[in-house]
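Chains A and B supply the protein sequences, listed in that same order.
All residue numbers for the first sequence refer to the numbering used here, where the first residue is 570 and numbers rise by one.
All residue numbers for the second sequence refer to the numbering used here, where the first residue is 513 and numbers rise by one.
These are computed hints drawn from the structure, not numbers from a lab.
Among the hints, a few may not be true.
As the list claims (entries may be wrong) - Here are the simulated BS3-like cross-link-like pairs (lysine-lysine), alpha carbons at most 27 Å apart as the crow flies:
#1 Lys712(A) to Lys566(B)
#2 Lys857(A) to Lys869(A)
#3 Lys705(A) to Lys1058(B)
#4 Lys687(B) to Lys705(A)
#5 Lys747(B) to Lys712(A)
#6 Lys687(B) to Lys698(A)
#7 Lys586(A) to Lys747(B)
#8 Lys1058(B) to Lys712(A)
#9 Lys857(A) to Lys846(A)
#10 Lys1032(B) to Lys1058(B)
#11 Lys575(A) to Lys566(B)
#12 Lys842(A) to Lys859(A)
#13 Lys580(B) to Lys566(B)
#14 Lys687(B) to Lys712(A)
Just so we're clear, the structure is a prediction, and the values are computed from it rather than from any experiment.
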Amino acid sequence: MEITLKFYRFSPGNGSKGDFQEYPVEIDESATVLDALMQVKEDQDSTIAFRGSCRTGFCGDCTMRISRRNRMACSTTVGAAQNEGTITVEPVRLITTTKDMMYDLDTWVYDKYKAVEPWIETDQKSPDKEHVVSNKVVQDLRKVMSCTMCWLCDEGCSTMVVDRKFVGPLALTKAYRSVFDPRDNRTEARLKNLSEKNGMWDCCHCYEASEHCPKGIDPTERIFALRNKAIKANAGIPTVRNHYRSFAKSVKSHGWLDEARLAIETEGLTNIKGQLKQVPLAIKAFRKGKRPLPYFLHEKREGRDRIKRIFEKWEENE
Amino acid sequence: MPYHDVIVIGGGLAGMRAAIAAKAAGVDVGLVSKIHPLRSQSSGSHSGINAAIKSDDSWQSHAEDTIKAGAYLADQDVVEAMCQDALRDVVLLEHMGVPFSRDGDGLIDVMPFGGSSQPRTCYVGDSAGHIVLQVLYENIVRMGIATYDEWTATSLMIADGACCGVTAYDLASGKLEALSARSTVLATGGIGRLFATSTSALFATADGVGMAYRAGVPLMDMEMVQFHPTTLKGKGLVVSEAARGEGAYLVNAAGDRFMSNYSTDGDRAPELEARELCTQAIDTEIQEGRGDDGCVFLDFRHLDNDRIDDRLPETRFLVKTYLGLDITKDLVPVQPAAHRPVGGIQVDAQGATGVAGLYAAGEAACSGAHGAGRLAGNSMLDSIVFGRRAGEAAASNSRAAGKTEAPANLLAEQVEQAQGLSTRDGSSDSIGSLRRQLNQTLQSSMGVRRDGASLEQAVSAIQDLKERYQHIAVPTIGGPYNPSLPAYLELGNMLDAAHIMLTCAAARQESRGAHQRGDKPDRDDADWLQHTVAVSIPEGPQVSTKPVTITQWQPS
């Protein structure tokens, strides 16, 4: 079919924000958008820059915004992408480019990936036998390792929108593999590292990462699993652990959140400096009419027994 | 000028394995790749790695299967080395982090693959390539190996008969640079883009073969190209051998499991014959009118759904994405497509070429381990074993010979040539139009079945394309992220590789393994138990022969 490919051109340093350039392409509708781009590059304009490699959705290199949806060019057919004979190809919104469709992946993806030390370290130095591991465990590792690093999760991440330093769901999914690989011997150090600034505790659990993952890896749940592991292992920032536990404790016992208790227990009862730090906030909240009762007076909600049973059931399964 | 003791060209499995081995041997390593290593073609391999790790198996049995699949054209000393090393190399990979699928005892499990006399393929679900690639890259990062991502090697620098590095085009800066090295390893991958339909990634453009050929390095068995029997209709995307390993049937348009008419081994499922036989059987069904629109079908419908989700999730995803079919309910139309070169840059069992300081591994190389056809599951093994061996050999060469610096004029020549491209008058040809003609030429002459006359015809067609290639103008060279120069040079590499392949195919006057000629239908051990070896002379590739090494398995 005859289509018009509107491809976003951008060059750094010439002061312009860039603009669409139109290329007429004659191509079968079952061909992919990546095929169409290759055709333009070979026949019309050898200077257009984009990435793409495997053609099969496994290398994750050709993520673009195609007809106003973020997706991989190799996994999108011309027929599905065209709208009245036009296909627009432009960069995704968040991750910045260095030219046309060439993203600054070092800054946005690879450096973050490297920051979580995404390998494993084992005890045996000169191995002559494989590790004994159950198939169920390796199956789970395989699932996370099927990540193609297409960074659609990072692109969808709500935290990343306001803080590009956040390590992000892609890198945390990689971290999950290292932490949950039973062959690795650095679990504790890893959890500590992930609890640092810009780490896993900056995830705002909006589930956008899981929504965007084309492989169904569910990055958001992987981040939760890492956090749970850190809490259980007593790793990472103490106040975060306190906050987490206090939250669960008050919901379990009273059926709803006890905010006053949460504030106090997060800093730790014996932490005078921490408690004093909260005084201005408490005064401000009080003035605005937010006056939680001291926790011994915190009302127990109706139905809390059922909530408690959910907790107990969960704890049993853990 | 940047210098490394060892420079590896190519960031796929063989290249990264070589870089890791060289670094582990204590030398300084640079890894040069025209795409980011994590995006390499190896990622698309769904199969697995053969190794006789089970107690009822032996490396000798593995070697015998390999030699038979290669129609006795394999050098048996090299096969023995590969099959023996397989056991240790697989365990090493496991320790680097590969989560191999496990058996009931928690040990590495093996799967039956085509052409193997027993289950021997270690697998990682059905994404072995993708996951092994991830793990190797993790180790590249962990070891602090210097990487040159999106640098395209453009020529080998040869001085005083020795290779002293490469010139390369840095995409980000748009500049040609010289990278000096005492030892250089070519692991540039395959040749798939030469064919109209192939299983390859966009960048499998025979770069290593082209560069080596122009530098006078001999190439071996270039006529041998393996066709994968089962690729998705019209797409060239591989449906893994694992599908048949798990029990999927091959059926023709009438619904018959036709492989039983071709099978020679009553002990295993007929679908699990070696690649070459499966490909030729499917081709025969289609040629004789029992196919459906150029295809036969894979039938998964009798397999258990849970098992499919555990063992073949990527296959299910692939078929769904590209054909919109569900393998648990629909027949999947498949056809053979060009898959992997079996020939390549001639190397010994250590990966050394005839040129001092130059090594090669993986799909770019030909050590003689596969002969005239390749056993499923031996390709990744080849990359891992010979990648490691080449890395080790390159490292010890660098240690023995010390630092070197390439003469500056070698880069200057390249820069001058590149600039010349932009001042050409141009012609009506484009990179795309020439590539498509090249694709059609090879598709019709170098397919599953060949014959002498059409091969000769194709050779002259390629010569014509090579001539026209010299007139294509490339208006803008250089500048940040300008991919023009690499795109032009890739076409040149493909044309050179095609020229060599066709010449070798025309020279081999017999049918053997992946090389089937209608005009020479029989295997001819008396005259052709020989490798073809091609080198560049001014008139084009010159072909000679080299005897095959036989140790204990006599041709039958």
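Results for each hint:
1. Lys712(A) to Lys566(B): Measuring from Cα to Cα gives roughly 26 Å; hence the hint holds.
2. Lys857(A) to Lys869(A): OK: Lys857(A) and Lys869(A) at ~24 Å, within 27 Å.
3. Lys705(A) to Lys1058(B): Distance of about 50 Å is beyond 27 Å: violated.
4. Lys687(B) to Lys705(A): Measuring from Cα to Cα gives roughly 49 Å; hence the hint is violated.
5. Lys747(B) to Lys712(A): Cα-Cα ~26 Å, so holds.
6. Lys687(B) to Lys698(A): 47 Å, violated
7. Lys586(A) to Lys747(B): 37 Å, violated
8. Lys1058(B) to Lys712(A): 47 Å, violated
9. Lys857(A) to Lys846(A): Since the Cα atoms of Lys857(A) and Lys846(A) sit roughly 19 Å apart, the hinted pair holds (cutoff 27 Å).
10. Lys1032(B) to Lys1058(B): Roughly 20 Å separates the two Cα atoms, so the pair holds.
11. Lys575(A) to Lys566(B): 56 Å, violated
12. Lys842(A) to Lys859(A): 23 Å, holds
13. Lys580(B) to Lys566(B): Measuring from Cα to Cα gives roughly 21 Å; hence the hint holds.
14. Lys687(B) to Lys712(A): 40 Å, violated
Checked against the numbered hints above, the structure breaks hints 3, 4, 6, 7, 8, 11 and 14 and satisfies the rest.
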